[in-house]
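Novice: In our numbering, the protein residues as written are 2 to 290.
None of these hints come from the bench; they were simulated from the model.
Be aware that a few hints might be false.
Below are the BS3-like pairs computed for lysine-lysine, each with C-alpha atoms no more than 30 Å apart in a straight line [claimed, not checked]:
| no. | residue 1 | residue 2 |
| --- | --- | --- |
| 1 | K228 | K126 |
| 2 | K185 | K131 |
| 3 | K162 | K111 |
| 4 | K185 | K228 |
| 5 | K194 | K131 |
| 6 | K126 | K111 |
| 7 | K131 | K118 |
| 8 | K194 | K228 |
| 9 | K185 | K118 |
| 10 | K131 | K162 |
| 11 | K91 | K126 |
| 12 | K162 | K126 |
| 13 | K111 | K228 |
Bear in mind the structure is a predicted one, so any value in this text is a computation, not a measurement.
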Amino acid sequence: MILRNNLKCLRLGYSNLLSTFSSKGTRFTVGDVKPLHICLQNHLVYRYMTTTSSANQPEFTVNYLINSCGLSPEGAVLASKRFRLQSPEKADSVLAILRNYGFSETQIPKVVRSHPKIIHADPEKTLLPKLEYFGSLGASREDIVRTLATNPQVLGRSLEKAIIPYYNSLRSVLSDRDVVAVFKRCSWMFPNKNVVQNIMFVRELGMPSFCISLFIRTRLLMLNHEKLGEVMREVREMGFNLEKSVSVLAIVALGCKNSKSTLNRSRQVYMMRWGWSEDDVLLCLHEVP
Numbered sequence: 002m003i004l005r006n007n008l009k010c011l012r013l014g015y016s017n018l019l020s021t022f023s024s025k026g027t028r029f030t031v032g033d034v035k036p037l038h039i040c041l042q043n044h045l046v047y048r049y050m051t052t053t054s055s056a057n058q059p060e061f062t063v064n065y066l067i068n069s070c071g072l073s074p075e076g077a078v079l080a081s082k083r084f085r086l087q088s089p090e091k092a093d094s095v096l097a098i099l100r101n102y103g104f105s106e107t108q109i110p111k112v113v114r115s116h117p118k119i120i121h122a123d124p125e126k127t128l129l130p131k132l133e134y135f136g137s138l139g140a141s142r143e144d145i146v147r148t149l150a151t152n153p154q155v156l157g158r159s160l161e162k163a164i165i166p167y168y169n170s171l172r173s174v175l176s177d178r179d180v181v182a183v184f185k186r187c188s189w190m191f192p193n194k195n196v197v198q199n200i201m202f203v204r205e206l207g208m209p210s211f212c213i214s215l216f217i218r219t220r221l222l223m224l225n226h227e228k229l230g231e232v233m234r235e236v237r238e239m240g241f242n243l244e245k246s247v248s249v250l251a252i253v254a255l256g257c258k259n260s261k262s263t264l265n266r267s268r269q270v271y272m273m274r275w276g277w278s279e280d281d282v283l284l285c286l287h288e289v290p
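Based on the provided sequences and hints, a complete structural model is requested.
Specialist: Structure (structure tokens):
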């Protein structure tokens, strides 16, 4: 008797489950189940599925990114996949700090699109201290805004564990002016362990400060230290004086694959069309201050 009742319950549950996902034209009749019971059960299952689906949709986040941050609908949907905004209070404070600091209504969407989690940050404990620290480097607000609008990922790094140690290392080998130059022009390579090591390396080889100022504006600062060592050795073997700015051009030419091929083609033109010797080409280059 118990087994028969259990079997009947299983059949009833299975039939109700099928009725939930069946088409409107399909009818199931099991035992004495009434149509009203089936409709009620279908309604409850549909309500549960709809509620669950809605809870997984980031409508609030998408709407906030569009209406408050100025993102396009497509950009908002993409950005919403990287975080979920629960309430607008903290995000409103973040946007207020950015606007008060000088970020324009065209720059804010770029920042949020590139680094969506910024509006999820703590405005007083994380965002504002970073802006203030960049100001302590000697960069103006205009420079800070322009730099961070281009490379907002810097704001996603820890102030104590990444930003301060990195710039303290730069300050140990560069002037304050050059540190600001690195921030303004080279924030895209933050943080890179090779940068400080390579600056110290070329300084030990005798490169003066004004040449280093040119050197830090190149991507070669991110070269593997051993690779840069090979380039520097080749430059010196060619007879370039590291105390002259042309040595930086030679480093760039030899360190970048495309630039190196261009340099070789130019040398061939001078030598084949104008009859210059290789010594003539090098002498011309060496005469550049």
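Novice: For every hint, state whether the structure bears it out.
Specialist: How the hints compare with the structure:
With a C-alpha separation of about 40 Å, the suggested pair K228 and K126 falls outside the 30 Å cut-off, and the hint is violated. Only pairs whose Cα atoms come within 30 Å are accepted, and K185 paired with K131 is accepted, the gap being roughly 15 Å. For the suggested pair K162 and K111, the alpha carbons sit about 26 Å apart, so the restraint of at most 30 Å is met. Between K185 and K228 the alpha-carbon distance is near 26 Å, which keeps this suggested pair within the 30 Å criterion.
Under the criterion of a C-alpha separation no larger than 30 Å, the hint pairing K194 with K131 is consistent with the structure, at around 20 Å. For the hint pairing K126 with K111, the CA-to-CA distance comes to about 23 Å; that is within 30 Å, so the pair holds. Restraint check: the Cα-Cα separation between K131 and K118 comes to about 15 Å, which is no more than 30 Å; the hinted pair holds. Distance restraint check for K194 and K228: the Cα-Cα separation of roughly 14 Å lies within the 30 Å cut-off, and the hinted pair is therefore satisfied.
For the hint linking K185 to K118, the alpha-carbon distance of about 23 Å falls within 30 Å, and the restraint holds. Straight-line distance between C-alpha atoms of K131 and K162 comes to about 12 Å, which keeps the hinted pair within the 30 Å bound. Of the supplied pair hints, the one linking K91 and K126 holds, its CA atoms being roughly 12 Å apart against a limit of 30 Å. Of the supplied pair hints, the one linking K162 and K126 holds, its CA atoms being roughly 15 Å apart against a limit of 30 Å.
In summary, the hint linking K111 to K228 is not supported, as the alpha carbons are separated by about 35 Å, beyond the 30 Å threshold.
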